[in-house]
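Trainee: Working from the sequences, and respecting the hints, build out all of it.
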Amino acid sequence: MIKYIFKRLLQLIPILIGITFLSFAMMRLAGGDAVTYMYENAGSAVSQEVIDETRKEYGLDQPFLIQYAKWFAGMATGDMGKSYVSKRDVYETFVEKLPATIMLTVSSVLLTMLIAIPLGIFSAVKHNKWSDYLIRFLSFIGNSMPNFFAALVLMYFFSIRLGWFPVITTDNIALSLVLPTLTLAISMASKYTRQVRTAVLDELSQDYVIGAEARGVKRSTIIWKNVFPNALLPLITMLGLSIGSLLGGTSVVEVIFSYPGLGNLAVTAITSSDYNLIQGYVLWMALIYMVINLIVDASYVYIDPRMRLKR
-14 MIKYIFKRLL
-4 QLIPILIGIT
6 FLSFAMMRLA
16 GGDAVTYMYE
26 NAGSAVSQEV
36 IDETRKEYGL
46 DQPFLIQYAK
56 WFAGMATGDM
66 GKSYVSKRDV
76 YETFVEKLPA
86 TIMLTVSSVL
96 LTMLIAIPLG
106 IFSAVKHNKW
116 SDYLIRFLSF
126 IGNSMPNFFA
136 ALVLMYFFSI
146 RLGWFPVITT
156 DNIALSLVLP
166 TLTLAISMAS
176 KYTRQVRTAV
186 LDELSQDYVI
196 GAEARGVKRS
206 TIIWKNVFPN
216 ALLPLITMLG
226 LSIGSLLGGT
236 SVVEVIFSYP
246 GLGNLAVTAI
256 TSSDYNLIQG
266 YVLWMALIYM
276 VINLIVDASY
286 VYIDPRMRLK
296 R
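By the numbering used here, the letter at position 287 of the sequence shown is numbered 272, and the numbering carries on one by one without gaps.
Worth double-checking, as some hints may not be accurate.
Said to hold, decoys possible - Estimated spans, in silico, between C-beta atoms of each pair:
| no. | residue 1 | residue 2 | range |
| --- | --- | --- | --- |
| 1 | Gln33 | Lys(-12) | 32 to 40 Å |
| 2 | Val202 | Ile0 | 43 to 51 Å |
| 3 | Met11 | Lys176 | 23 to 31 Å |
It is worth saying that the hints were derived from the structure and are not from the lab.
Keep in mind the model is a prediction, meaning the values are calculated, not measured.
C-beta atoms are modelled at their ideal positions from N, C-alpha and C, and glycine is treated no differently.
Mentor: Structure below.
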């Protein structure tokens, strides 16, 4: 197992280099100037000479490959540079925003699992009954609803009409976390419910279920001890992708609720052409997805004995 993980980690190195190089190139091709935005944001009217001098100071006047080589060398030693707009260290900025994103990720995933697993199993057990049709209909609606629309609906009813939660994030993190969590859970729980239902239905048709029922084993025992563990593999794959996306920050939801997470930070960096901050965000996203995929692959070995035999 350790050999497998080490081999996968070695394979991630060229992928990481390729991702950072492509993102670095695309930012330069997209246009925009962090220096110009920095002075405009500060309300300063400066001459072109001052702008050119500042660009030279930050090394933005150098050829593309030299800029990338310097950035990569710094990143390899733990120095991700400084934000051109805020002048703050990129690493420190990410560390500051990361706890809020982790809290939103954990709360959204937990709420999604609490909703999707029972509903998905119940829908499969009540196959083609009215309760199954109702759950499928609600999951279809939730899956079709864009996050920004769900956020606005929740904000209107629970913030404006009822006044239970703040419209935007405040110092009360517990209250401020509720609506963003609900917004994300609506879409995720809808997808997961359908996935759990499909996986459980597939397992219920297997011979071992029929044999267990013929021996008089309780159906609830079969479902929770045999069917559900076997239906976990596709769920774990989806969960890994969802966690990777959430840890990278959900930009739309965070911007709507002014939530101080990585997604909001990324939007601000993109609109201000803050190259170092954007590059740091891309690096973070790449690392998160690669690590999550590695963890998911490794977990298969422990969940499914057949995978263990293949190795």
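Trainee: It remains to establish, for every hint, whether it holds in the given structure.
Mentor: Hint check:
no.	hint	result
1	Gln33 with Lys(-12): 32 to 40 Å	violated (58 Å)
2	Val202 with Ile0: 43 to 51 Å	holds (46 Å)
3	Met11 with Lys176: 23 to 31 Å	holds (29 Å)
The structure is inconsistent with hint 1 alone, although it conforms to all the rest.
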